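> Could you put the whole structure together from the sequences, leaning on the hints where they help?
Letter by letter, the chains look like this.
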Amino acid sequence: MREIGLPRRGLLGAATLLAAPALVRTAHAADQCVVGTWGGDYARLLRENIDDPILKPAGTEVVQDVGDESPRVSKMYAQKKLPRGTMDIACVGALNGYRVTEGELVEELDEKKVPNLKHVQSDLRMPAFVPHIYSAQVLVYNPDTVKQPPSTMSDLLDPKWQGKIGMVATTGSWILQAASLHESGTTTDFDKAKALMSKISANGLRLYPETDTLAPAFKSGEIEVGMIWLARSFMWRNAGFPVAGRFPTEGSILYVSGMVLPKNAPDKEAAYRYMNALLEPSAQQGFAAHMGYLPTVDNAPLSGAVGEQLAFPQPRPKLVAPDYPVLSKALPELNDWWLKNIQRG
Amino acid sequence: MARTERAERVALLGPASALMVLMLVAPLALLFRDSLNRYDATELMIAAVTPANYLRFLADPFYRDVLVTTIRVSVIVTAVCLLLGLPMAWRLARTVSRWKSALVVLMVLPLFVGSTTRTAGWMILFARGGMLDRLTGLNLMYAEPAVIAGIVAINLPFTVLTLQSVFEGIDPRLEEAAASMGAAPSRAFWRVVFPLAIPGITIAAVLCFILCMNAFATPLLLGGPRFHMMAPLLFWAFSSDNNWPFAAAIAFILMATTLLLTGFANHVIPRRYRG
Numbered sequence: 001m002r003e004i005g006l007p008r009r010g011l012l013g014a015a016t017l018l019a020a021p022a023l024v025r026t027a028h029a030a031d032q033c034v035v036g037t038w039g040g041d042y043a044r045l046l047r048e049n050i051d052d053p054i055l056k057p058a059g060t061e062v063v064q065d066v067g068d069e070s071p072r073v074s075k076m077y078a079q080k081k082l083p084r085g086t087m088d089i090a091c092v093g094a095l096n097g098y099r100v101t102e103g104e105l106v107e108e109l110d111e112k113k114v115p116n117l118k119h120v121q122s123d124l125r126m127p128a129f130v131p132h133i134y135s136a137q138v139l140v141y142n143p144d145t146v147k148q149p150p151s152t153m154s155d156l157l158d159p160k161w162q163g164k165i166g167m168v169a170t171t172g173s174w175i176l177q178a179a180s181l182h183e184s185g186t187t188t189d190f191d192k193a194k195a196l197m198s199k200i201s202a203n204g205l206r207l208y209p210e211t212d213t214l215a216p217a218f219k220s221g222e223i224e225v226g227m228i229w230l231a232r233s234f235m236w237r238n239a240g241f242p243v244a245g246r247f248p249t250e251g252s253i254l255y256v257s258g259m260v261l262p263k264n265a266p267d268k269e270a271a272y273r274y275m276n277a278l279l280e281p282s283a284q285q286g287f288a289a290h291m292g293y294l295p296t297v298d299n300a301p302l303s304g305a306v307g308e309q310l311a312f313p314q315p316r317p318k319l320v321a322p323d324y325p326v327l328s329k330a331l332p333e334l335n336d337w338w339l340k341n342i343q344r345g
Numbered sequence: 001m002a003r004t005e006r007a008e009r010v011a012l013l014g015p016a017s018a019l020m021v022l023m024l025v026a027p028l029a030l031l032f033r034d035s036l037n038r039y040d041a042t043e044l045m046i047a048a049v050t051p052a053n054y055l056r057f058l059a060d061p062f063y064r065d066v067l068v069t070t071i072r073v074s075v076i077v078t079a080v081c082l083l084l085g086l087p088m089a090w091r092l093a094r095t096v097s098r099w100k101s102a103l104v105v106l107m108v109l110p111l112f113v114g115s116t117t118r119t120a121g122w123m124i125l126f127a128r129g130g131m132l133d134r135l136t137g138l139n140l141m142y143a144e145p146a147v148i149a150g151i152v153a154i155n156l157p158f159t160v161l162t163l164q165s166v167f168e169g170i171d172p173r174l175e176e177a178a179a180s181m182g183a184a185p186s187r188a189f190w191r192v193v194f195p196l197a198i199p200g201i202t203i204a205a206v207l208c209f210i211l212c213m214n215a216f217a218t219p220l221l222l223g224g225p226r227f228h229m230m231a232p233l234l235f236w237a238f239s240s241d242n243n244w245p246f247a248a249a250i251a252f253i254l255m256a257t258t259l260l261l262t263g264f265a266n267h268v269i270p271r272r273y274r275g
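Read top to bottom, the protein sequences are chains A and B.
Residue numbers for the first sequence follow our numbering, so the first one is 1 and each next one is one higher.
Residue numbers for the second sequence follow our numbering, so the first one is 1 and each next one is one higher.
Just so you know, the hints here were simulated from the structure itself, not pulled from any lab data.
Predicted model only: the values in this text are computed from it and were never measured.
We treat Cβ as the ideally placed atom computed from N, Cα and C, and that holds for glycine.
Any given hint could be a false lead.
To give a feel for the contact side, a few chain A residues facing chain B, derived at Cβ under 8 Å [to be verified]:
#	residue
1	Glu-102
2	Gly-103
3	Glu-222
4	Lys-329
5	Leu-331
6	Gln-343
Label-pair ranges, simulated between beta-carbon atoms [as the list claims (entries may be wrong)]:
#	chain 1	residue 1	chain 2	residue 2	range
7	A	Gln-121	B	Val-108	50 to 60 Å
8	A	Glu-108	B	Ala-29	32 to 42 Å
9	A	Arg-44	B	Ala-26	33 to 43 Å
In structure tokens form, the structure reads like this:
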């Protein structure tokens, strides 16, 4: 058999050609920030308010790794032992922010590298989590049909709302915290919370599979009252749905969404730049204007129609952050209880 | 010579088998290992060898009910698909017309749209104030009949296409022979064609049953939060709290139940009718 011969120069050329994309990618990666984020409006607003106007002119290319929060957190755990992970930044809710901090998956933040942290409201700060946006859980109602809206969670027990109360099934643990706040002024009295929720459920509570399925139910007249985030009621109202929000007199639970920096992030400097950019007043105001989430910093005042719509009523309502350590431990049991008692057919 | 044949067999079967092991068996083995681990809210998963996740499912009447509901819906959907699909497939197989290929395309057309998109269409139809509500006053949204209708719409083309190829494989001259001996068309079908088609009908039924046991989008969107089937439950275990060990155990219980019932269905069919 004749040996097939290739000229040495040709081989070297072919090898260079094959390796070229890898070399280019390595050089490129120095200015790349991979952000694990939710898709939809959130990803679009990150692009429009942070990636394109702030990071891109500074020479940092942002790549979005779009997905849900649970797979993203799982990915962080799966990559825990790798020296180099795949995300520079992961977007998570504050509860998961607490959990991945406890699991030693993320870097404690250095204020020198994220100077805008000094503007973050003190009650929202956590050592390894940058709070990006937040919203409060409110009672919602149809302003066209409801003349006397509920002012406290126990108002939902009134027989006049029978079969007209709507909630989102996936927000069970948040609603239980609100019920606890109503019953005993803390967010963790879950036994009393369950008792109140069982009574509300018995008053013809309607459950919806996803957050955005609640708005059409208001429009069709299927429900007249419910409970959801203020930001959602803002978005729905602006989209023409008959929904208005009211802060419960017992106080509102806060939902905080933000970002963490995995310990094995490939480019931590780019991640710090990104975190600082997301706390810029212009970026914060952009999210408020389109999604109705409130700025987490003290130097991003809201003005005009957005400011009016999102302004807190006077006297200022009581806003309560969850007790993350207690909630984290209780969550599996709360979810199980909600599934078996409230979501039972 | 024998050695050459063996080498040929290995060469033909080897790559596909290796790929199968790599892509299917290996992930399943990993998932099974996960199902024996212990869940922890902070660590997510702690290495262990415990049947706790399986016992949690089997000991709890709520989870057992979910399994029973899944089996019930799957049996009903399979029965409806066979009832509707048999005459359609039979007619399609025996059609001698230039429109036949157009009819087959019409049958396949719904498969061009993703099941979630199709389910969104059903949601508009079933919703309060939707078409069905306005025309008949019926509000089927978030109820078992809506789920059954939605899954039937998805599974029916698979059932019809499988049955059509089965009927096309049966020689029409057998029916002509039966007719020549005085059998009416219905008698010829039930006494001659149907017994010959039983192995193929079993395959169509099994396909339909398996698809239904694993249905996700339709029960989630049309059944609503108070209607529970196994695949959405599995997703709940994973998404609500990242409980991989319990979700993995649910996946294996679902798989084992489906395999057992499929094997049982094959077993109850008389041996002479098996393929």
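> For this structure, which hints from the list above don't hold up?
The structure breaks none of the hints.
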